[in-house]
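Let the hints inform the model, and build the full structure from the sequences given.
If you read the sequences in order, they're chains S and U. Reading the first sequence from the start, the letters are residues 1 to 320 in full-length UniProt numbering. Reading the second sequence from the start, the letters are residues 1 to 298 in full-length UniProt numbering.
Heads up, some of the hints might be wrong.
Said to hold, decoys possible - Here's a subset of chain S near chain U, in silico, CB distances under 7 angstroms, partners left out: (1) Ala55; (2) Arg310; (3) Tyr311; (4) Tyr316; (5) Thr318.
Everything labelled a hint here was simulated from the structure, so no lab data went into it. Don't be surprised by glycine CBs; every beta carbon is placed ideally from N, CA and C.
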Amino acid sequence: MPTTAHATASAFADATASDSALRRFLHGLPGVDAVGLEARAAALGTRSIKTTAKAYAIDLAISVIDLTTLEGADTPGKVRALGAKAVHPDPTDRTTPRTAAVCVYPDMVAAAKEAVAGSGVKVASVATAFPAGRAALTVKLADVQDAVSAGADEIDMVIDRGAFLAGKYLKVYEEIRAVREACGERARLKVIFETGELSTYDNIRRASWLGMMAGADFIKTSTGKVGVNATPANTLLMLEAVRDFKQQTGVQIGVKPAGGIRTSKDAVKFLVLVNETAGPDWLDNHWFRFGASSLLNDLLMQRQKLATGRYSGPDYVTVD
Amino acid sequence: MSDKSEARLSVFKTYKLYVGGKFPRSESGRVYEVTSSKGEWLANAPQSSRKDARDAVVAARKAFGGWAGKTAYNRGQVLYRVAEMLEGRREQFVREVADAEGLSKSKAGAQVDAAVDRWVWYAGWTDKIAQIAGGANPVAGPYFNLSSPEPTGVVTVVAPQESPLLGLVSVLAPVIATGNTAVVIASERAPLPALSLGEVLATSDLPGGVVNILSGRTAEIAAPLAAHQDVNALDLCGADEVLAKELEVAAAENLKRVLRPQPVDWSADPGTHRLTAFLETKTVWHPTGSLGASGSAY
Chain S
1 MPTTAHATAS AFADATASDS ALRRFLHGLP GVDAVGLEAR AAALGTRSIK TTAKAYAIDL
61 AISVIDLTTL EGADTPGKVR ALGAKAVHPD PTDRTTPRTA AVCVYPDMVA AAKEAVAGSG
121 VKVASVATAF PAGRAALTVK LADVQDAVSA GADEIDMVID RGAFLAGKYL KVYEEIRAVR
181 EACGERARLK VIFETGELST YDNIRRASWL GMMAGADFIK TSTGKVGVNA TPANTLLMLE
241 AVRDFKQQTG VQIGVKPAGG IRTSKDAVKF LVLVNETAGP DWLDNHWFRF GASSLLNDLL
301 MQRQKLATGR YSGPDYVTVD
Chain U
1 MSDKSEARLS VFKTYKLYVG GKFPRSESGR VYEVTSSKGE WLANAPQSSR KDARDAVVAA
61 RKAFGGWAGK TAYNRGQVLY RVAEMLEGRR EQFVREVADA EGLSKSKAGA QVDAAVDRWV
121 WYAGWTDKIA QIAGGANPVA GPYFNLSSPE PTGVVTVVAP QESPLLGLVS VLAPVIATGN
181 TAVVIASERA PLPALSLGEV LATSDLPGGV VNILSGRTAE IAAPLAAHQD VNALDLCGAD
241 EVLAKELEVA AAENLKRVLR PQPVDWSADP GTHRLTAFLE TKTVWHPTGS LGASGSAY
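What follows is the structure, given as structure tokens:
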């Protein structure tokens, strides 16, 4: 990825030359029609996905999950259990696809690596003083290096919302660049905007472009730690941003809505958004992810229902 | 406007389901016509789909932990409160029962009174059933050995097709008295008293989801519930012979507890049979220390 990141950086060299140039660029992006955006997201959520399409959507949704545990009470044992679940989500049905990754705190990366070794499931680590991001850059970079050296395949960083809201876009840009470099060749970088704290759709669009220009491999809605997380509308907005970015630069960026997606129905709505906005190129766990934990159980119960014709229950999936 | 009775438009009641403490319409948007015993149109009742049944089970499962965890004494108080609320709506229920069963006002009144009394009767049983269904067991060893009855879980109740109020209360009250939560399929022909009972339950301190009431085609709703992996027991009271057999076969898949239909006289003393039908026995061994050696007083 670093090569593409380099290419995009030079493509936007003018825009990122100074704080004022960057501000001019980001504020020059077209304003978001909030009513239109929400109406479009709601309209796409009314599609009826049944039978074989539903089976396909459920399997796809499972395969794009970043199975997440980000609790103060995480133990190596819990991370191992999560890893086992990521590799075999439904032990009674081995045709169930694996999840894309497990997502943990940096100190749990080693335990997670061991748990998913040889399965193809990736290990993502949050970093940069997650979830608040309120720490000095050196501390954030040390956090990233710690996770990368422990073997993390993906780094989920948070942007400095304080700097962003204060209009110091170049500071945010340079921080993302620094983290991108710290990730090196090995790790893909997901940039979390915490859309619930950006307060306007215009800000979400600006943050998306800022993140993509700075070399993010993925743009991600939220940490899951605040009141408003991934919504269909803000995810749709970010999908439009990656679509436009690809049209303009030829570089494809992934999208990851995270937090608050708990039911299969919700997950399918998001997949419809992806297909209708960014296109089928994104319907793959290299370019689209769900940050979720309880969603997986609901998907498994739906999968069991499709397979047996009987409604399943929480007794038939693991409680984590 | 001179004639008052002419000026007033009649206000028809929209009967709705009772699921998770709320009053939704059927997810399918369907209704069916409910008629009196003489064939006169009474109201449109929601015709539930299997998705309504699924939602009801989710609500019942969510409510189970809280309801089963309440003290038996508290459950008794809540059930008594249901009786109080039902008494307060006596007139409405007399009318609905009279229409549904083709009874005179006085006979319908007797039915409603009996239904109120049945709630009181089961309210009294909540903190007594453990004494008769459990207790200390004598064992040959230095242990206390105690058996205590525990609620089975989510119970689907196919309510009796006849006796839409008294029969319904007689099968529903014992299920929730012991701490189970219920998904009730109301009488197909006469669902109105059951749907109105939902309004009584909603105002009786009964936590939402403990009782969920569905109306519609019994066979259509009962089939997915009998096969549902998250339903723990099935009361087939209102199922005819053919349907009961089908449902019992479907219920065998996850070893649901099944109570088969049997002829019941709803006005007779109900006994404890229905209370104990949906209980599991938990037995605990607790060491008492070495008896004898120390001359312990255990």
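Status of the hints after comparison with the structure:
1. Ala55: Check failed: Cβ of S:Ala55 comes no nearer than 18 angstroms to chain U, outside 7 angstroms.
2. Arg310: Since chain U brings a Cβ to about 4 angstroms from S:Arg310, closer than 7 angstroms, the hint holds.
3. Tyr311: 4 angstroms, holds
4. Tyr316: 6 angstroms, holds
5. Thr318: 15 angstroms, violated
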